[in-house]
Amino acid sequence: MKNMHRIMYFFLNPLFCTFVLFSLLSTLYFLTGNELFTLLIQLSLVFAFTIVIHELGHFIMGKLVGMNFDFLAFSFIIVQFRYDKFRVTTNNNLFLSFGVTKMHFKNALTENKIKTKLFWYYAGGPVMNLFCSIIAGLILITYKGNLLLIDITVYIFIFNLLIFVITSIPFEETDGFNIVKNINKQEKEIAIENQIYSLHSKSVDQITLEDIHWLKIKFHNSNISTQIFLITLILVNYYLNNGDRHQVKNIIDEGLSKLSMKDYMVFKVILLLYTTLLKFSNEHSLDNKDINRLRYINFWYGITMSTIAGVVIEYLDNKEKDPVYLKKFLFDGLTNGLSKSFELLDIHQEEILKSLITSILKESPNS
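Numbered per this note's numbering, the sequence shown spans residues 131 to 497.
Be a bit skeptical, because a hint or two may be false.
[What the hints assert, rightly or not] Only pairs whose alpha carbons sit at most 25 Å apart, straight line, appear in this in silico DMTMM-like list of lysine to aspartate or glutamate: (1) Lys409 <-> Glu317; (2) Lys458 <-> Asp476; (3) Lys398 <-> Glu473; (4) Lys470 <-> Glu480; (5) Lys449 <-> Asp417; (6) Lys318 <-> Asp374; (7) Lys458 <-> Glu444; (8) Lys470 <-> Asp335; (9) Lys492 <-> Asp452; (10) Lys492 <-> Glu480; (11) Lys332 <-> Asp452; (12) Lys193 <-> Asp374.
By construction, these hints were calculated from the structure, which means they are not laboratory data. No experiment lies behind these values; they were computed from the predicted model shown.
Use the sequences and the hints to build the structure in full.
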């Protein structure tokens with residue numbers, strides 16, 4: 131099963147998919163000479179360009195309204211800003227390859243006109259596509275030169291206009307949907323929601339005790355699954371960093387009790403992974419119920435989580451083997467999984483896994 135997860139993860143990797151797509155189309159063109167395949171290559175490149183334009187629109191508008199940059203993903207590339215440095219890495223998540231930009235306010239509770247600012251942030255992507263489409267249209271009206279350039283300009287015009295229309299319509303999770311959703315909310319409600327996102331974007335050493343008290347109040351009172359999940363991660367990371375494992379377990383248990391809806395099973399599976407790793411770090415053994423929880427972590431949760439869960443399962447399945455071998459297996463497997471944790475794009479989940487794995491390896495009975 132573990133090998134199957136790795137194979138699927140490899141074949142669904144955006145870089146691999148991009149390589150296969152262009153290799154296949156190029157090969158078919160050279161073998162057949164059919165211009166259809168060059169057309170498909172051009173359309174693929176223009177589509178990728180359109181996605182970049184859309185995400186840059188969000189980024190530029192976000193900066194103009196005073197937001198801080200977290201990450202921007204498109205195709206097989208992710209640009210992150212972490213610990214005051216930009217980092218460019220390969221994107222391993224197929225869903226992110228269609229374009230995602232994440233930004234936050236430094237302190238949403240003190241931000242003036244946050245509703246208006248978020249309107250322009252969400253509108254930034256579609257507006258940039260519309261602007262690009264208008265420019266392409268003007269070029270088509272005035273330029274009478276190279277036919278290939280004219281064809282490409284036509285594709286740019288059409289794709290940008292399509293993305294503008296599609297992302298502006300208020301379907302679930304589109305920019306238009308987010309704009310309409312915010313219009314129907316009060317300024318204070320938006321500020322609270324975005325303050326949680328702001329704190330979630332900070333490392334644990336940047337979060338104050340006052341922030342923790344505020345988060346705990348929101349945690350106990352909230353019934354919004356995304357907010358519950360994010361606050362749980364922040365609080366778990368904070369208490370792990372302070373060595374209060376009892377509080378960590380209580381926070382996860384309360385978070386799980388609030389995430390009872392089937393629609394948010396992903397959130398529950400991730401929190402169950404953390405509570406299972408916490409138990410493993412304390413007892414170095416798990417019962418069948420715990421092991422079954424780990425089996426839920428497949429390649430859809432990323433190479434980091436699936437590797438760590440797989441290593442723990444295999445370690446427990448081979449407890450009778452040589453202790454020296456098991457110690458090395460556990461160390462190599464967990465550190466290898468942790469080395470890919472940047473793919474989570476979540477500083478709190480990275481720090482939670484680092485704390486738990488460090489504890490597991492430090493307290494290992496084979497150490």
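Going down the list of hints, with the structure as the test:
no.	hint	verdict
1	Lys409 <-> Glu317	violated (41 Å)
2	Lys458 <-> Asp476	violated (28 Å)
3	Lys398 <-> Glu473	holds (20 Å)
4	Lys470 <-> Glu480	holds (9 Å)
5	Lys449 <-> Asp417	holds (13 Å)
6	Lys318 <-> Asp374	violated (33 Å)
7	Lys458 <-> Glu444	holds (13 Å)
8	Lys470 <-> Asp335	holds (22 Å)
9	Lys492 <-> Asp452	holds (19 Å)
10	Lys492 <-> Glu480	holds (18 Å)
11	Lys332 <-> Asp452	violated (42 Å)
12	Lys193 <-> Asp374	violated (38 Å)
Of the numbered hints listed earlier, those contradicted by the structure are 1, 2, 6, 11, 12.
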